[in-house]
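Residue numbers (the numbering used here), protein chains in the order written: chain S, 1 to 247; chain X, 1001 to 1300; chain W, 2001 to 2418.
These aren't lab readings, by the way, just hints derived from the structure by calculation.
Don't take every hint at face value.
[What the hints assert, rightly or not] So these bits of chain W aren't anywhere near chain X, every CB distance computed over 12 angstroms:
| hint | residue |
| --- | --- |
| 1 | Arg-2049 |
| 2 | Ala-2288 |
| 3 | Asp-2367 |
| 4 | Glu-2391 |
| 5 | Ser-2407 |
| 6 | Tyr-2409 |
[What the hints assert, rightly or not] Ranges between beta-carbon positions, derived for each pair:
| hint | chain 1 | residue 1 | chain 2 | residue 2 | range |
| --- | --- | --- | --- | --- | --- |
| 7 | W | Lys-2079 | X | Ser-1168 | 53 to 63 angstroms |
| 8 | S | Leu-212 | W | Pro-2310 | 44 to 54 angstroms |
| 9 | S | Asp-213 | X | Ser-1027 | 27 to 37 angstroms |
| 10 | S | Val-233 | W | Thr-2394 | 46 to 56 angstroms |
| 11 | W | Asn-2173 | X | Arg-1190 | 20 to 30 angstroms |
| 12 | W | Ile-2005 | S | Ile-68 | 42 to 52 angstroms |
| 13 | S | Leu-195 | W | Glu-2389 | 34 to 44 angstroms |
| 14 | X | Glu-1297 | W | Ala-2124 | 58 to 68 angstroms |
| 15 | X | Ser-1145 | S | Arg-110 | 44 to 54 angstroms |
Idealized CB from N, CA, C, for every residue including glycine.
Letter by letter, the chains look like this.
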Amino acid sequence: MKILVTCKRVPDTDQKIRVKEDGSGIDDSNLAYVLNPFDAIAVEEALQIREEHDAGEEIRIVAVGVGIAEYEAELRTALAMGADRAILVENSNTMDPWAVANTIAAIVARESPDLVLMGKQAVDDDANQTGQFLAALLQWPQATFASKIEFGGLALQVARETDQGIEEIEVPLPAVVTADLRLNEPRYASLPSILKARKKEIEIIPYAELQLDISPQLDLLSMKSEISQRRCVMLEDVNSLMEIIRP
Amino acid sequence: MKTLVITERDGSDFRLGSRSAIGFAQSLPLSVVDTLCVADYRGENPTADSHAAVIAAAVRQCSYELVVAAATTYAKDVVGRAAGLCGGAMASDVIGHRFDGEQLLLERPMFAGAVTATVSLLGSPRFITVRASTYDPVDLSSADSLSSLDATTLRVDYSAVPAAQWKSVASRASQRPDVTEAKIVVSGGRAFKSSEDFERLVGGLADGLGGAAGSSRALVDAGITPNDLQVGQTGKIVAPDIYIALGISGAVQHLAGMKNSKTIIAVNTDPHAPIFSVADFGLVGDVYEVVPQLIAELNG
Amino acid sequence: MSKSIQTSFDVIVIGAGVAGLSTAMQLAKRGQSVVVLEREQLGNGSTGRAAGLLGQLRGTAESTRMLMDGVEIVLDLEKQADVEIYVQTGSLRIAETPERAEEIADLVTMGKSIGFDIEHLTQAEVAAKLPYMKTDDLLDACYCPTDGHLQPAELVSAYIKVGRKHGVQYHTNCAVTNVIVTGGKATGVETVVGEFHAPLIVNAAGPWSYLVAGLTDTVLPTAAICHHYLTTRPDDSIKIDRFSPAVRNRHHRLYTRPESDGLIVGMYGEEATEYDMESLPSDFDMSAMKARLDDILVATLVYNAGQRFPWITERTSMTITTGIMTFTPDGKPFCGKLPDIEGLFYGSGFCGHGIVQSPTIGVIMADLILEGETSYDIDAIEADRYFDEPEFQTRVDIKAAAYEMHSGYYGNVEGRKQ
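Modelling step: build the complete structure from the supplied sequences, incorporating the hints.
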């Protein structure tokens, strides 16, 4: 069985994010970049599925990134955690979710995974679209916002976090599943695993080689910072608070 | 512009979020709006796969140029897939829009709300999910009076729909308003040690004010509150008239979910908690002492 | 800047970590008007990431006395601020090699000679105190019942509460951009919100202290070194009592203490990541620091922790706290003034032991600032000890020396010159 996990390189959003003067993008000088936390959860889930079910049939985990050359660092993180191989589709141009989904679909065609696990959203654009686009392109069932996955061989029992509460669905494989916050807690890579990962290969495929002709669907025109303008008035006591909230 | 609003119901009425989506759709010049509540037609086995197929069929067969929905988990799941079936021109979680000549420019949050991006959609048909709290909802009778698409007229090839199976949803009946719809939200964080304490204090204050109860991520992770109460970047986004943050420190991810509330009040034992940097009013205090006093005052 | 903000004081303290807050409080108690200027939030730097372990017995009687006095100050602060700061868990040192066993024997002898409460323990006694620790390889151990840890957040809030009571003013988001010097005398500072004036200025800026010193072209031999510790989440199968003793296991370079039903384990590794504070953004927030999931130093920490606590692996549910420590070439802080500028004082370079030294350091700093002298023997920590030292004038040399100091911090056997 093969599991494909997607890995996006994003700024750590606990840092202060500054927008360039001209609004054309963020000022990424001195920004620390990390593996998208939701993708780290996807990688961890793949590892746990392998640990729980890897008897007899081998489960291989392939990490895929689509973007600039620097993505290698995040793919190395996935390899250090325990992914077997990594693929970087290298493209120095910005890509919208549609282009990324089409690219991953092309890799799916090459790799024939049984399951694609991805973060439900990337914490830079917070789009929450790529997994759904991919499932549509592949005409595979989708299970988004997964908070629990039970792997039963040919189908997955997935619990999803929705506005109405936890929803349970069953999806046959192959499927696209997007990971939500509480699916698991990603591990820190162990020392042996980090050292082993240094020998693992990252296959780099130039985007042009895939010969995809995908027109951009989303044009990012400008950005501006949102800084709180509020000045907090500190209240003296509970009575003052009561006066403010009294209906 | 032929516009289809994908709606959700709460009982027999359109949800507040759907009515905001309708408000947005109707505000666009020259838009002719139909509504479609897919669940009315595919109540059995309501998977994203089948619902998205219905929407895609509607778009193709009725030539809709624009599909709109409120940015709920349902829409992110279903409308996302539908957009993927129809060319991928989608903008999610839109919080504002304007026109540059004929071009529709959409504003949406990025980086947990630290940045607002202005985008435009290049392909057609276009799919837009809107943050309900940003757009005024139309009233129920206006919503009902809109024409709704009869999905039975659509030819949907269900054999092409993968065989996912919907099994159940664990909804709790609550007397309280939905956290995304209430005018007042009382939200609790790490300071609360148990579900009982949360219910008694956060729930009690919410009830005293006629509002909804919300939760930070920490309590959901700890199993003290259910996930559908979580306010934040990856939970629910709310913008009530009053947001009361009790014992919530104010991590960036939580702020993303509530910082557009009109008035924000915070109670925390730590005078340096980041929540105070986005609040209008703050009180340094222990919620276990402060909240019972507030509840007593409201009830007495 | 608003006209209603006071800008003239007796003393300006730069940095609201424990060193600055303690110094400000002590000065205010002696009647000085004090303002603390902090670039971020109060207690947000190294102080906010610290574990706070208190091991009173140091290499010398003098440094031991300073820490013991510090405990007295903390006990008084607890009463004044009505908060629990000092958690007296006792501490253990353990030895699994002959060299480390000798180290312990020396420590017990030294401690007893100055009347410090310390005793040898048998392997069985250690196992009884720490059932969750591997003990079958121990050759010796010693126990100090009066040790423990200081809770950093509570200590910070006590310094602020008592400081405020004595009139200290605090400005946050107020980075100092320049030190105003006229005729060799410091008279004030420029900040992002405007100027403040005082004839006495304290540089307690932690990792940034060498940059603040650089504002007067002064060389301060401190360097910024990254540090991680793990905190395990509560696990029903591993009962960790709140008063389980802290442990120092120098062979594995570890220190540990209980925390919220889990265990903190930190490591002074042979290797470390260095930081050039000047290349970090001006609004760098230390509390937002995180380690990458594939950080090899974190992996080494987890591996070493597992050597002593076999139930700790990379699969153990835990958080990793990452921060920056201020190291010096000899592992001791710089306290006092330098010959180049009058009125300017330094209190930084605590090499990961700022929390526990801060109560007494505040007293020492106030003594030096107001009296020019102190009853403590501060030869080892005097600010000017490297002032003319050619070895420690360039950043390259200072960083190399600080790095080597950190590398040998737990690695070297104490008392034996390497």
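Starting from the range 20 to 30 angstroms, see whether the pair Asn-2173 of chain W and Arg-1190 of chain X falls in it by beta-carbon distance. Distance hint for Asn-2173 of chain W, Arg-1190 of chain X holds at roughly 25 angstroms.
Do the Cβ positions of Val-233 of chain S and Thr-2394 of chain W conform to the proposed distance bound of 46 to 56 angstroms? This hint holds: roughly 50 angstroms between Cβ atoms.
Non-interface label on Arg-2049 of chain W, tested against every C-beta of chain X at 12 angstroms: holds, 15 angstroms
Taking 53 to 63 angstroms as the hint, is the beta-carbon distance of Lys-2079 of chain W and Ser-1168 of chain X inside that range? holds, 57 angstroms
Pairwise beta carbon distance, Ser-1145 of chain X to Arg-110 of chain S, judged against the given window 44 to 54 angstroms: holds, 52 angstroms
Per the hint of 58 to 68 angstroms, is the separation of the Cβ atoms of Glu-1297 of chain X and Ala-2124 of chain W within bounds? Since Glu-1297 of chain X and Ala-2124 of chain W have Cβ atoms about 59 angstroms apart, the given range 58 to 68 angstroms holds.
Interface exclusion of Glu-2391 of chain W relative to chain X, criterion Cβ beyond 12 angstroms: holds, 40 angstroms
Could you check the hint for me, namely that Leu-212 of chain S and Pro-2310 of chain W are 44 to 54 angstroms apart, CB to CB? Check passed, 51 angstroms falls within 44 to 54 angstroms.
Given the hint of 27 to 37 angstroms, is the C-beta distance from Asp-213 of chain S to Ser-1027 of chain X inside that range or not? With Cβ atoms ~36 angstroms apart, the hint holds.
Given a hinted range of 42 to 52 angstroms, is it respected by the beta-carbon distance of Ile-2005 of chain W and Ile-68 of chain S? For Ile-68 of chain S against Ile-2005 of chain W, whose Cβ atoms are near 47 angstroms apart, the range 42 to 52 angstroms holds.
Does Ala-2288 of chain W really sit off the interface, with its C-beta more than 12 angstroms from all C-beta atoms of chain X? violated, 9 angstroms
Per the stated criterion, does the least C-beta distance between Tyr-2409 of chain W and chain X lie above 12 angstroms, as a non-interface residue requires? holds, 31 angstroms
The structure fails to meet hint 2 from the earlier list, while all remaining hints are met.
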